[in-house]
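Undergrad: Each chain is listed here by its residues.
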Amino acid sequence: SAVISQKPSRDICQRGTSLTIQCQVDSQVTMMFWYRQQPGQSLTLIATANQGSEATYESGFVIDKFPISRPNLTFSTLTVSNMSPEDSSIYLCSVEEGWSRDTQYFGPGTRLTVL
Amino acid sequence: GESVGLHLPTLSVQEGDNSIINCAYSNSASDYFIWYKQESGKGPQFIIDIRSNMDKRQGQRVTVLLNKTVKHLSLQIAATQPGDSAVYFCADHQGGKLIFGQGTELSVKP
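Here the protein sequences line up with chains A and B, keeping their order. Read left to right, the first sequence gives residues 1 to 115 (the numbering used here). Read left to right, the second sequence gives residues 1 to 110 (the numbering used here).
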């Protein structure tokens, strides 16, 4: 499976600021996904990012709060804007692989704490 | 709404015993399921998957069973080891997206 890295691995931020999280894959992939995992909770899909098109956001997530870039087939960024303590979570990117392209593999995550 | 849920939030087993983690799903049209293992501080790791045209699939020390009649799947871990301690998630592939269950924390006692 693809090797996925994320930067930063963790950060502590002040409320009202923004943080951009990077996701790098070692091979070209069509679909990339961004998830949020709140403390002690499961994973919730934020948006799907295809190269060359705007991201598709899930209900409850908006582009102004979580802008996403997908400039090429190996890279994506997620920005958490105007942060509040409620944004403290682990943010994970994933890619779709497999012969039927529906198996997702995950990066190590970015642990964000907002003070 | 459609959801994937787990029966038990925590499971404690003795080292060497077999573990069984259960998951219920509600979308009868779901055709693909994945089990993930998430260790503390790490991203979810793919363990095993199964498609709806199968009722059993085996990997190394793990077996997934799918019962479409009652919309239930389980993950069996044979000879559980301390390294198996983690949170286990089932995920249901729906409409091009993965819907995750709430997770079961597996604790292995030495």
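Any given hint could be a false lead.
[As the list claims (entries may be wrong)] With a straight-line Cα cutoff of 35 Å, these simulated DSBU-like cross-link-like pairs (lysine-lysine) come out:
{"#": "1", "chain 1": "B", "residue 1": "K56", "chain 2": "B", "residue 2": "K97"}
{"#": "2", "chain 1": "B", "residue 1": "K42", "chain 2": "B", "residue 2": "K109"}
{"#": "3", "chain 1": "B", "residue 1": "K71", "chain 2": "B", "residue 2": "K42"}
{"#": "4", "chain 1": "A", "residue 1": "K65", "chain 2": "B", "residue 2": "K68"}
{"#": "5", "chain 1": "B", "residue 1": "K109", "chain 2": "A", "residue 2": "K65"}
{"#": "6", "chain 1": "B", "residue 1": "K97", "chain 2": "B", "residue 2": "K42"}
{"#": "7", "chain 1": "B", "residue 1": "K97", "chain 2": "A", "residue 2": "K7"}
{"#": "8", "chain 1": "A", "residue 1": "K65", "chain 2": "A", "residue 2": "K7"}
{"#": "9", "chain 1": "B", "residue 1": "K68", "chain 2": "B", "residue 2": "K42"}
{"#": "10", "chain 1": "B", "residue 1": "K68", "chain 2": "A", "residue 2": "K7"}
[What the hints assert, rightly or not] Stretches of chain B that chain A covers, calculated by requiring three or more beta carbons in the stretch to come under 8 Å of a beta carbon on chain A:
{"#": "11", "segment": "10–24"}
{"#": "12", "segment": "45–53"}
{"#": "13", "segment": "71–81"}
Derived from the structure by calculation, the hints contain no laboratory data. All C-beta atoms in this analysis are idealised placements derived from N, C-alpha and C, irrespective of residue type, glycine included.
Undergrad: Could you run down the list of hints and mark each one as holding or not?
TA: Evaluation of the provided hints:
The straight-line distance between the Cα atoms of B:K56 and B:K97 is roughly 23 Å, inside the 35 Å bound, and the hint therefore holds. At most 35 Å may separate the alpha-carbon atoms for a hinted pair to count; B:K42 and B:K109 meet this at roughly 21 Å. Taking the CA atoms of B:K71 and B:K42, the gap is near 29 Å; set against the 35 Å cutoff, the hint holds. For the given pair, A:K65 sits about 39 Å from B:K68 by alpha-carbon distance, which is inconsistent with the 35 Å threshold.
Restraint check: the Cα-Cα separation between B:K109 and A:K65 comes to about 43 Å, which exceeds 35 Å; the hinted pair is violated. Pair hint B:K97 plus B:K42 holds up; C-alpha atoms about 21 Å apart against a cutoff of 35 Å. Between the alpha carbons of B:K97 and A:K7 the distance comes to roughly 24 Å, so the proposed pair stays at or under 35 Å and holds. Simply put, A:K65 and A:K7 have alpha-carbon atoms about 19 Å apart, close enough for the 35 Å limit, and the pair holds.
Annotation: proposed proximity of B:K68 to B:K42 holds, straight-line Cα distance about 31 Å (limit 35 Å). A C-alpha spacing of about 40 Å is found between B:K68 and A:K7, which places the hinted pair above 35 Å, so the restraint is violated. For the segment 10–24 of chain B, the stated coverage by chain A is violated: 0 residues have a C-beta nearer than 8 Å to a C-beta of that chain, whereas at least 3 were required. With a cut-off of 8 Å between beta carbons, the segment 45–53 of chain B has 3 residues touching chain A; three or more are needed, and the interface restraint holds.
Check on the segment 71–81 of chain B: 0 of its residues sit with their Cβ under 8 Å from a Cβ of chain A, so the three-residue criterion for coverage is violated.
Hints 4, 5, 10, 11, 13 from the list above are not met by this structure, while the remaining hints are.
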